Each structure stands twice: as structure tokens, then as C-alpha cells.
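Residue numbers (this note's numbering), protein chains in the order written: chain L, 1 to 158; chain Y, 159 to 502.
If you're looking for bench data, these hints aren't it; they were derived computationally from the structure. A quick note: this is a predicted structure, and the numbers were derived from the prediction, not measured. Incorrect hints may have been included.
[As the list claims (entries may be wrong)] Keeping only pairs whose Cα atoms sit at most 30 Å apart, straight-line, the calculated DSSO-like set for lysine-lysine is:
| # | chain 1 | residue 1 | chain 2 | residue 2 |
| --- | --- | --- | --- | --- |
| 1 | Y | Lys231 | L | Lys12 |
| 2 | L | Lys113 | Y | Lys185 |
| 3 | Y | Lys204 | Y | Lys235 |
| 4 | Y | Lys304 | Y | Lys330 |
| 5 | Y | Lys213 | Y | Lys185 |
| 6 | L | Lys32 | Y | Lys231 |
| 7 | Y | Lys330 | Y | Lys312 |
| 8 | Y | Lys213 | Y | Lys304 |
| 9 | L | Lys113 | Y | Lys338 |
| 10 | Y | Lys245 | Y | Lys231 |
| 11 | Y | Lys234 | L | Lys10 |
| 12 | Y | Lys213 | Y | Lys344 |
| 13 | Y | Lys231 | L | Lys10 |
| 14 | Y | Lys213 | Y | Lys231 |
| 15 | Y | Lys245 | Y | Lys330 |
| 16 | Y | Lys312 | L | Lys10 |
| 17 | Y | Lys304 | L | Lys12 |
| 18 | L | Lys113 | Y | Lys312 |
| 19 | Y | Lys243 | Y | Lys231 |
| 20 | L | Lys10 | Y | Lys338 |
| 21 | Y | Lys243 | Y | Lys298 |
| 22 | L | Lys113 | Y | Lys298 |
| 23 | L | Lys10 | Y | Lys245 |
| 24 | Y | Lys338 | L | Lys12 |
| 25 | Y | Lys243 | L | Lys12 |
| 26 | L | Lys40 | Y | Lys231 |
| 27 | Y | Lys304 | Y | Lys338 |
| 28 | Y | Lys245 | L | Lys113 |
| 29 | Y | Lys235 | L | Lys12 |
[To be verified] Across the chosen pairs, the derived CB separations fall in these ranges:
| # | chain 1 | residue 1 | chain 2 | residue 2 | range |
| --- | --- | --- | --- | --- | --- |
| 30 | Y | Glu191 | L | Ser65 | 30 to 40 Å |
| 31 | Y | Ser250 | L | Ala106 | 49 to 59 Å |
| 32 | L | Arg144 | Y | Glu322 | 16 to 26 Å |
| 33 | Y | Glu191 | L | Pro135 | 18 to 28 Å |
| 34 | Y | Lys185 | L | Ile142 | 43 to 53 Å |
| 35 | L | Gly147 | Y | Gln188 | 30 to 40 Å |
| 36 | L | Val25 | Y | Glu187 | 34 to 44 Å |
| 37 | Y | Asn218 | L | Asp1 | 38 to 48 Å |
| 38 | Y | Arg341 | L | Glu104 | 27 to 37 Å |
Ideal Cβ placement from N, Cα and C applies to all residues, glycine included.
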Amino acid sequence: DDELISLMSKEKQAHVGNIDVCSEVSFVSARKRALDWIFKVKARHGFNSLTMLLAVNYFDRFVLSFKFQKDKPWMGQLAAVACLSLAAKVEETQVPLLLDLQVEEAQYVFDSKTVQGMELLVLSTLQWRMNPVTPISFFDHITRRLGLKTNLHWELLY
Amino acid sequence: MAIAGAGQLNLHESPCWGSRSVDCFEKLEQISEGTYGQVYMAREIKTGEIVALKKIRMDNERGFPITAIREIKILKKLHHENVIKLKESVTSQGAKDEQGRPGKCCPIPINNLLLGATKYSPAVDMWSVGCIFAELLHGKLIFPGKDEPEQLNKIFELCGAPDEVNWPGVSKIPWYNNFKPTRPMKRRLREALGNQEKAPATATTRRKGQTTEITAFTASCRLPPIQSGQAHAQMRPGPNPPLHGSQPPVAAGPGHHHGKPRGPAGGPGRYPANGTNGGFNHQNHGGGYSSGPYPPQGRGAPYGSSGMPGAGPRGSGGSGYGVGAPNYSQDGPTEVLVLDVALT
Numbered sequence: 001d002d003e004l005i006s007l008m009s010k011e012k013q014a015h016v017g018n019i020d021v022c023s024e025v026s027f028v029s030a031r032k033r034a035l036d037w038i039f040k041v042k043a044r045h046g047f048n049s050l051t052m053l054l055a056v057n058y059f060d061r062f063v064l065s066f067k068f069q070k071d072k073p074w075m076g077q078l079a080a081v082a083c084l085s086l087a088a089k090v091e092e093t094q095v096p097l098l099l100d101l102q103v104e105e106a107q108y109v110f111d112s113k114t115v116q117g118m119e120l121l122v123l124s125t126l127q128w129r130m131n132p133v134t135p136i137s138f139f140d141h142i143t144r145r146l147g148l149k150t151n152l153h154w155e156l157l158y
Numbered sequence: 159m160a161i162a163g164a165g166q167l168n169l170h171e172s173p174c175w176g177s178r179s180v181d182c183f184e185k186l187e188q189i190s191e192g193t194y195g196q197v198y199m200a201r202e203i204k205t206g207e208i209v210a211l212k213k214i215r216m217d218n219e220r221g222f223p224i225t226a227i228r229e230i231k232i233l234k235k236l237h238h239e240n241v242i243k244l245k246e247s248v249t250s251q252g253a254k255d256e257q258g259r260p261g262k263c264c265p266i267p268i269n270n271l272l273l274g275a276t277k278y279s280p281a282v283d284m285w286s287v288g289c290i291f292a293e294l295l296h297g298k299l300i301f302p303g304k305d306e307p308e309q310l311n312k313i314f315e316l317c318g319a320p321d322e323v324n325w326p327g328v329s330k331i332p333w334y335n336n337f338k339p340t341r342p343m344k345r346r347l348r349e350a351l352g353n354q355e356k357a358p359a360t361a362t363t364r365r366k367g368q369t370t371e372i373t374a375f376t377a378s379c380r381l382p383p384i385q386s387g388q389a390h391a392q393m394r395p396g397p398n399p400p401l402h403g404s405q406p407p408v409a410a411g412p413g414h415h416h417g418k419p420r421g422p423a424g425g426p427g428r429y430p431a432n433g434t435n436g437g438f439n440h441q442n443h444g445g446g447y448s449s450g451p452y453p454p455q456g457r458g459a460p461y462g463s464s465g466m467p468g469a470g471p472r473g474s475g476g477s478g479y480g481v482g483a484p485n486y487s488q489d490g491p492t493e494v495l496v497l498d499v500a501l502t
């Protein structure tokens, strides 16, 4: 169970200074828009669940540690694009071009250079920690505990 | 629809710009150059510590390079004295390019795309893994070419020359005709590496594992133009990935036809031996890590659980992996960094 303990302590570390995501009204609506878009694009490109979890994780961490420029309504969307793009690069085999990523009635479309700038801002703001503990991190442990072995079991889980 | 320009971002005014600037380092000399960018020996001004500074080139269409993201991800998971440790990522002014900063030993770019191909793919990773195994086994670089032609030649000498029979589509790769060997060359991989008497330190300590390593090497070099799903399964171990100091499992059934010579780069000529810090020295097997054990910093539990075979749609079903007719641009040989694992 060392693995479990290590996972939990890593998770706890990440949550130090935890701020309530829902504390500000402007965040709530921006976050909802961003996440809705991320979910749609996830389905469209067939990204896996971890990619989506990572993108949301990056987004939340980013907007909470970065002074959101409220006078710029496109900021949330740009952050969502950058976070999803980074998550896909971390996790997916095939990653679409930045322009191809911006589908599903994106409210704004950003040129590649802008997204790249935002990617860098996200990376540095998150201090390059791109592999946080996610719910999926615990799956290995759970499946071993439950003795799930066959592919069918795995499919159920995912 | 609205287009927002890069100028509106004001990245530099951000109070939360979390990375240090590359100005914290003084470049001493260039160690190597690849298509990914350049690697410098540098000194941290504040501490005087000698590090390797890798400058990453940006790709405007795809944003921050996926190869760099993967490299950072992998390096953060690997904790082994023979694998370079990623210390920090810093940014340069203007945020145009971004620099990873590994430290304390010399990186060996295992593999760059050759022959003018530009498509990075799982097949290229397979080749890289094979090269790493071979080098572990061999105790030194297996394709120490100074430049691309020399390197290709070394690959052909060992793996046999590629032709339309063993590699359908190879003649359509941009530079194939410039580099194809003039005489037929037979594959003599097994003869060359199969009976290693003089094993390197890593293998000697685990002699029992040798057979496995040989098999793994041969297998990985024989991977067919696989579908991405399969490739993924290969590269992502299931539960409990044995990342700490052990070999990644590369399993492939027999009977695949052999893979693609995507040559590795690097070689003694590209990395001048430099003994000043005990780190930049190829010959120094096992002696280059005088700085003590690696702290377990940044170490997290593995979470590579998402890569189960068949766990959802992935990839495009093995269309072009640089195998048959890869998607290469017409602008010439843009090489792509594949893996940058350091072995001493």
C-alpha cells in the first residue's frame, strides 16, 4: 500500500492552498463555458478520459493561480484551448494541430502563436507539473484490489 | 468568431510567470545540435553548478512541441543513475523559446528522423527503445555516426539496407535515393549483438537478464508498421509500470517483418569529451556520477493506468506512421527529436 500512501500524499501536497473553485461568480461562468467546450472537443477528437481530466486540472490550477484578466472575455477560452492542447500532448498518441483543436463552436478562434504563448504561460504557472494525481491514478490500485484481470473488466472501468 | 492577437496577452506583465529566466545561466559551450534545438554546457551563475541546457525550438503550428512535453514527462518519471535528471525548465526572454535544463551528465540523442522524413510516430519510438537496449548491451553507441550519411551507413551495416521488400514505401522517402547504399548489405544484428561477451556495467550486474534484453532489442527492431493502439499498448505498461531502474517491457511476437531504420543521432564526435565536471565524458562508464545519489525529489507514484489496450478510440488507425508513405513536408528535412535519454 506504499503506492496508495504516496499517491495520497502527492495529492495532498497539490491541494495545499486549496481555493474554492466556485468562490467567484465570474470564474464559475467562465469555467463552465471552458469545461463544456473541453468535453465537446474531447468527444469530437476521441481523446481519452485522462486527457480530459488533465485539461480540467490544468485549467483550474491555472485560473486560480493566475490573475484572470476579467476585461478580456476571450481569456477563459484561450486558457481552455491551451490546457486541452497541453493535456493532449501529455496523453494522446495523435494530437491535432492547434487550429484543428478549436472546433465545436468555439466562441473565439486563436492563431497558433497566441495559443503557444498561452501554453507557455500555463506551463510556467503550473511550474511544469503536468502529471497531477487524478482519480484515474487510483485505478491501478483499485483494480488490483478487486482482482480485475480481463479486458472486459477494464472496459467496464473506463 | 473573433481572432485575438498574440500582442494582447501581455505575458510578460504576468506576476505569476513561474519559471526562471535562462539568464540565470551562463552558456559555456555548445555540446550538440539537433533539430530539436541545441544543447549547451552552462553554469548557473548563482551556484556555479554545471548543467546541460537544452534549448527547445518552437513549432508555430503545433505550439509547444509535443516531443518536449513527452521528454519532460518521461524524465520526471525516471529515477535512475544512468538516466539524466531534469532539474528545471526555464524560459528565455520573449518567451519565444523555452529551455529545459537537465543536469549532470551528457545526453545522447538516441534517435532523430533521418532520410528527410518528418513524421514523428510510435514506430520511431520503437526504434529508439531498440537502440537504447542495444547500447545498454553493447556498452557504447551502436551507430556512432558523425553526420547523417555516416550514421545511416552504420545503421545499414548493422541492420541491413532498407529496400522495398523489407520496408515497403522506403523509396518514396525524400532522401532515400541520395543515401541508399550502392552495394547490398545484409542484416547482421544478431551476429553483432547476440553474443556479447563484454557486457557493460549495467548488464554485468544482471547477467541473468541478458537474454531478455537481447530478445527485447531484436523484437523492438522488428516491430511492424503497427496500429497506434498496439503501439500504445507497447509503450504504456499496464498496471504497475516498472519504471524505476528496470527495463520497459517491449514485447512483440515473432514473425513481424523488421522495422524502419530511423537512425539515431549522436556519437563521440558530436560530444567532445570533457572531464571538467566528471559529467560530460562518454568513456567514463559508471564514473560520471560522483555527486552522490539522486534525491527523490519530484518523485510521484506512477499513474500510467489509462493506457489499457482497447480503452477507447485512439489514433487514426495506423495510416501513416512514416512507414509506407509518411507525411513529410516538401520543405526539406525538418528533423524531430524523438527521445533524449542519457546513458553513460
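Consistency of the hints with the structure:
1. Y/Lys231 with L/Lys12: holds, 21 Å
2. L/Lys113 with Y/Lys185: holds, 27 Å
3. Y/Lys204 with Y/Lys235: holds, 28 Å
4. Y/Lys304 with Y/Lys330: Within the cut-off at roughly 25 Å; holds.
5. Y/Lys213 with Y/Lys185: The hint holds at about 11 Å.
6. L/Lys32 with Y/Lys231: This hinted pair holds, its Cα atoms lying about 28 Å apart.
7. Y/Lys330 with Y/Lys312: holds, 21 Å
8. Y/Lys213 with Y/Lys304: holds, 21 Å
9. L/Lys113 with Y/Lys338: violated, 38 Å
10. Y/Lys245 with Y/Lys231: Since the Cα atoms of lysine 245 of chain Y and lysine 231 of chain Y sit roughly 12 Å apart, the hinted pair holds (cutoff 30 Å).
11. Y/Lys234 with L/Lys10: holds, 14 Å
12. Y/Lys213 with Y/Lys344: violated, 38 Å
13. Y/Lys231 with L/Lys10: Given pair lysine 231 of chain Y, lysine 10 of chain L holds - Cα atoms ~16 Å apart, limit 30 Å.
14. Y/Lys213 with Y/Lys231: Roughly 17 Å separates the two Cα atoms, so the pair holds.
15. Y/Lys245 with Y/Lys330: Judged against 30 Å, a Cα distance of about 41 Å means the pair is violated.
16. Y/Lys312 with L/Lys10: Answer violated: lysine 312 of chain Y to lysine 10 of chain L is near 46 Å, above 30 Å.
17. Y/Lys304 with L/Lys12: violated, 49 Å
18. L/Lys113 with Y/Lys312: Measuring from Cα to Cα gives roughly 39 Å; hence the hint is violated.
19. Y/Lys243 with Y/Lys231: holds, 12 Å
20. L/Lys10 with Y/Lys338: violated, 52 Å
21. Y/Lys243 with Y/Lys298: Roughly 20 Å separates the two Cα atoms, so the pair holds.
22. L/Lys113 with Y/Lys298: Given that 30 Å is the threshold and the Cα spacing comes to 41 Å, the pair is violated.
23. L/Lys10 with Y/Lys245: Within the cut-off at roughly 19 Å; holds.
24. Y/Lys338 with L/Lys12: violated, 56 Å
25. Y/Lys243 with L/Lys12: holds, 25 Å
26. L/Lys40 with Y/Lys231: holds, 26 Å
27. Y/Lys304 with Y/Lys338: holds, 18 Å
28. Y/Lys245 with L/Lys113: OK: lysine 245 of chain Y and lysine 113 of chain L at ~27 Å, within 30 Å.
29. Y/Lys235 with L/Lys12: Holds. Lysine 235 of chain Y to lysine 12 of chain L sits at ~19 Å (cutoff 30 Å).
30. Y/Glu191 with L/Ser65: 30 to 40 Å: About 35 Å separates the Cβ atoms of glutamate 191 of chain Y and serine 65 of chain L, which means 30 to 40 Å holds.
31. Y/Ser250 with L/Ala106: 49 to 59 Å: Between serine 250 of chain Y and alanine 106 of chain L, where Cβ atoms are some 30 Å apart, the hint is violated.
32. L/Arg144 with Y/Glu322: 16 to 26 Å: violated, 47 Å
33. Y/Glu191 with L/Pro135: 18 to 28 Å: violated, 42 Å
34. Y/Lys185 with L/Ile142: 43 to 53 Å: At roughly 48 Å between Cβ atoms, isoleucine 142 of chain L and lysine 185 of chain Y fall inside 43 to 53 Å, so the hint holds.
35. L/Gly147 with Y/Gln188: 30 to 40 Å: The hint (30 to 40 Å, Cβ to Cβ) is violated, given that glycine 147 of chain L and glutamine 188 of chain Y are roughly 54 Å apart.
36. L/Val25 with Y/Glu187: 34 to 44 Å: Hint violated: Cβ distance 55 Å, outside 34 to 44 Å.
37. Y/Asn218 with L/Asp1: 38 to 48 Å: holds, 47 Å
38. Y/Arg341 with L/Glu104: 27 to 37 Å: Given a distance of about 55 Å, which is not inside 27 to 37 Å, the answer is violated.
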